[in-house]
Amino acid sequence: MSSVTLRKVVKRYGQVEVVHGIDLSVEEGEFVVLLGPSGCGKTTTLRMVAGLEDISAGQLEIAGRVVNDVAPKDRQIAMVFQNYALYPHMTVRQNMEFALKPQKLAANEVSARIAEAARILGLEPLLARKPAQLSGGQRQRVAMARAMVRTPKVFLFDEPLSNLDAKLRTQVRVEIAKLHRRLGTTVLYVTHDQVEAMTLADKIVIMKDGHIEQVGSPEEVFAKPRNLFVATFIGSPAMNLLPAKVAVVNGAPVLVANGFRLAAPPSIVSALDPGASVTLGIRPSDIRVDEAGDYEAVVEVDEYLGTEVLLNLRAGNHELVAQVPAAARPAPDRQSVRIGFDAARLHVFDTQSGEAIR
Amino acid sequence: MTPSLREKFLTYLLVIIILVVFMTPIYLILVSSLKPSPIMFSRPPRFIFTPTLQNYYDLFTMRPFHLQILNSLLVALGSTAFSLTIGTMAAYAVSRIKHRRINDVAFWILSMRMFPPIAVVVPYYIIFKTMGLLDTPLALIIVYSTFNIPLTVWLMKGFFDEVPEALEEAAQVDGHGVIATFFRVTLPLTAPGLAVSAVFCFIFSWNEFLFALMLTGSKSQTVTVAVMSFWSSDAVQWGRIMAGSFVILIPGVIFVLTCQRWLVKGLTMGSVKG
Ligand SMILES: Nc1ncnc2c1ncn2[C@@H]1O[C@H](COP(=O)(O)OP(=O)(O)OP(=O)(O)O)[C@@H](O)[C@H]1O
Ligand SMILES: [Mg+2]
Numbered sequence: 000m001s002s003v004t005l006r007k008v009v010k011r012y013g014q015v016e017v018v019h020g021i022d023l024s025v026e027e028g029e030f031v032v033l034l035g036p037s038g039c040g041k042t043t044t045l046r047m048v049a050g051l052e053d054i055s056a057g058q059l060e061i062a063g064r065v066v067n068d069v070a071p072k073d074r075q076i077a078m079v080f081q082n083y084a085l086y087p088h089m090t091v092r093q094n095m096e097f098a099l100k101p102q103k104l105a106a107n108e109v110s111a112r113i114a115e116a117a118r119i120l121g122l123e124p125l126l127a128r129k130p131a132q133l134s135g136g137q138r139q140r141v142a143m144a145r146a147m148v149r150t151p152k153v154f155l156f157d158e159p160l161s162n163l164d165a166k167l168r169t170q171v172r173v174e175i176a177k178l179h180r181r182l183g184t185t186v187l188y189v190t191h192d193q194v195e196a197m198t199l200a201d202k203i204v205i206m207k208d209g210h211i212e213q214v215g216s217p218e219e220v221f222a223k224p225r226n227l228f229v230a231t232f233i234g235s236p237a238m239n240l241l242p243a244k245v246a247v248v249n250g251a252p253v254l255v256a257n258g259f260r261l262a263a264p265p266s267i268v269s270a271l272d273p274g275a276s277v278t279l280g281i282r283p284s285d286i287r288v289d290e291a292g293d294y295e296a297v298v299e300v301d302e303y304l305g306t307e308v309l310l311n312l313r314a315g316n317h318e319l320v321a322q323v324p325a326a327a328r329p330a331p332d333r334q335s336v337r338i339g340f341d342a343a344r345l346h347v348f349d350t351q352s353g354e355a356i357r
Numbered sequence: 000m001t002p003s004l005r006e007k008f009l010t011y012l013l014v015i016i017i018l019v020v021f022m023t024p025i026y027l028i029l030v031s032s033l034k035p036s037p038i039m040f041s042r043p044p045r046f047i048f049t050p051t052l053q054n055y056y057d058l059f060t061m062r063p064f065h066l067q068i069l070n071s072l073l074v075a076l077g078s079t080a081f082s083l084t085i086g087t088m089a090a091y092a093v094s095r096i097k098h099r100r101i102n103d104v105a106f107w108i109l110s111m112r113m114f115p116p117i118a119v120v121v122p123y124y125i126i127f128k129t130m131g132l133l134d135t136p137l138a139l140i141i142v143y144s145t146f147n148i149p150l151t152v153w154l155m156k157g158f159f160d161e162v163p164e165a166l167e168e169a170a171q172v173d174g175h176g177v178i179a180t181f182f183r184v185t186l187p188l189t190a191p192g193l194a195v196s197a198v199f200c201f202i203f204s205w206n207e208f209l210f211a212l213m214l215t216g217s218k219s220q221t222v223t224v225a226v227m228s229f230w231s232s233d234a235v236q237w238g239r240i241m242a243g244s245f246v247i248l249i250p251g252v253i254f255v256l257t258c259q260r261w262l263v264k265g266l267t268m269g270s271v272k273g
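Residue numbers (numbering that gives the first Met the number 0), protein chains in the order written: chain R, 0 to 357; chain W, 0 to 273.
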């Protein structure tokens, strides 16, 4: 168990720079998820931590020790690869034994650890099988068991669930969460699935094009996105965005968005410049749909999802998505509903820079 | 899908034709080696006769055929072992090095295999004479390896290319060094390639005639040359040649059968999702 610290870490492939000097600290025992769209440099970053990729510039520390030039085998890490990378010529048991071999443990300690991992991950009946005789989910669990037996300082996961079907994914996700709770080992976990990130992480690191856009707890990145990219990337369905202007009415700033006139969130009133172009962000779940609403909106499509309903609304020339509980679903013959917004729940971004106005 | 009767019939027919084509020469060799010399060329050919082992007896008494077999085995196994060792390591390097000219290097290595032997036999003779290696098994091992190594490199490169690098990375992250990774993970997965390479190297070395004729004398003569020595200007001793030929067949068959159990496909199956 130990911390991982990246200081201004850069990765270049020849002339192309793909990771641009990122700073990140993973505290001891923390579960940190790297989240971002495809090609943003998540795998590259993880592989640098593992030592499988050279670090072009900057510094990497594991447990307070600079390991830029330490070989992967001496970093005391364990990695679960996206494609499992099980040794195909070895049985499940041998896969685990091979991973333990460098630690030169006593035979009974080896079998004890394998038994423990097999029990936790439900692999006991499979120990004598070869990887080719396992299903995808079983292979996945073997890959995790193989990492687990080593009791590493840091666990690295590269999209470990991406090859599983939806049901199994949820199941293994819970397994991983339990495993982390039980072992308390530091985890660095890569994914492009925000549900995985939100459910597993103590801290989410949102990346884009080799930069870190925001670091924060799941609650933070959801409630206080630092910029438009994070705001739209986190949350499903995505945040509604409306172009708006800052006007001043009776000495107080008001956000005017083509038909809507919304009071500015109290916390940022002082930061708003009159006349500035801003982008309003409203989460679908933050749109109130009730008779007391201030605006009229036409229901174009409603999508029933079981516990909730997504309303695709048109209000003036704005298209909005609202998320309401299934119980609040408007009657099928209703053409329009009334909607309202809560000033405190509005997100306001500078249109030019995309940064949140705080 | 189960094959229909017709398909089954055709399959068996094809197998039988192939067997006949390939087995007839071997049958003729065996039959001729067991015939007493007077009826060797009788017309029409005699198929009913009392077989004799005289030719085999002569083989081991008139010539030190057992020693010649040992020479051949030493040379063939020696060259196979040497070529596999060097060739496998070179192939691994060629497979893993990422450079845009690496394929040119690989092709250059293969081109060695294309040298017409007759063009180099005289230079080799002079070199080995100078080095005092004429009529030694070592000379043949060296010469055969110059042909076997390129072949091994080329074959094994293909097999190494098939081993996912993620497996090696996994081994390294698991705490294994480069050498342990190679021997415990990569190499076992190329076992079919090693078997194929071994078979090709062994058979080439075992059957080679030209270099063996030119570079060996009485001391380290190999079986191919030994058999041909029954062919002299005044008489061709067909019975003994046939007996020798039949004996020569045996080690090759044993070697191939031994290697065959490694010739299993799909060894890397299930390792990585792909
Ligand atoms: N060997 C390489 N040479 C050049 N560029 C590379 C190399 N490997 C990766 N890249 C580039 O680096 C960038 C980051 O790649 P990386 O694999 O880290 O993305 P990722 O965030 O893991 O994406 P994904 O979610 O698709 O796995 C990509 O633009 C990719 O094209
Ligand atoms: Mg990736």
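By construction, these hints were calculated from the structure, which means they are not laboratory data. For each residue, glycine too, the CB sits at the ideal point set by N, CA and C. Treat the hints loosely; a few may be bogus.
[Stated by the list, open to error] Listed below are the simulated SDA-like cross-link pairs for lysine to any residue, each with C-alpha atoms no more than 25 angstroms apart in a straight line:
1) R:100 x W:176
2) W:97 x R:13
3) R:129 x W:123
4) W:97 x R:272
5) R:100 x W:154
6) R:244 x R:272
[Said to hold, decoys possible] Take a look, some chain W residues computed to stay more than 10 angstroms from chain R by CB distance:
7) 37
8) 40
9) 129
10) 163
11) 175
12) 184
13) 235
**Prompt:** Holds or violated: are the alpha carbons of residue 100 of chain R and residue 154 of chain W at most 25 angstroms from each other?
**Reply:** violated, 31 angstroms
**Message:** For residue 129 of chain R and residue 123 of chain W, compute the direct alpha-carbon distance and say whether it is at most 25 angstroms.
**Reply:** Roughly 50 angstroms separates the two Cα atoms, so the pair is violated.
**Prompt:** Far enough from chain R: is every CB of that chain over 10 angstroms from the CB of residue 184 of chain W?
**Reply:** It is violated; residue 184 of chain W is separated from chain R by about 6 angstroms at its closest Cβ, not greater than 10 angstroms.
**Message:** If we take the beta carbon of residue 235 of chain W, is the closest beta carbon in chain R still more than 10 angstroms away?
**Reply:** Label holds. Min Cβ-Cβ 52 angstroms, cutoff 10 angstroms.
**Assertion that residue 175 of chain W lies outside the chain R interface [Cβ separation over 10 angstroms]** = Non-interface label on residue 175 of chain W violated, nearest chain R Cβ at 6 angstroms vs cutoff 10 angstroms.
**Prompt:** Should the label of residue 37 of chain W as a non-interface residue stand, given a Cβ cut-off of 10 angstroms to chain R?
**Reply:** Holds, because the least Cβ-Cβ distance between residue 37 of chain W and chain R comes to about 59 angstroms, which exceeds 10 angstroms.
**10 angstroms cut-off, C-beta based - residue 129 of chain W kept clear of every residue in chain R** = holds, 46 angstroms
**Asked** Regarding the assertion that residue 163 of chain W does not contact chain R, is the least Cβ-Cβ distance greater than 10 angstroms?
**Response** violated, 7 angstroms
**Asked** Within 25 angstroms, alpha carbon to alpha carbon, are residue 97 of chain W and residue 272 of chain R?
**Response** Roughly 55 angstroms separates the two Cα atoms, so the pair is violated.
**Prompt:** Are residue 97 of chain W and residue 13 of chain R close enough, with their CA atoms no more than 25 angstroms apart?
**Reply:** holds, 13 angstroms
**Asked** Is it the case that residue 40 of chain W keeps its Cβ farther than 10 angstroms from each residue Cβ in chain R?
**Response** Label holds. Min Cβ-Cβ 56 angstroms, cutoff 10 angstroms.
**Request:** For the pair we were handed, residue 100 of chain R and residue 176 of chain W, check the Cα-Cα distance against 25 angstroms.
**Result:** At roughly 11 angstroms apart (the allowed maximum being 25 angstroms), residue 176 of chain W and residue 100 of chain R satisfy the hint.
Checked against the numbered hints above, the structure violates hints 3, 4, 5, 10, 11, 12; every other hint is satisfied.
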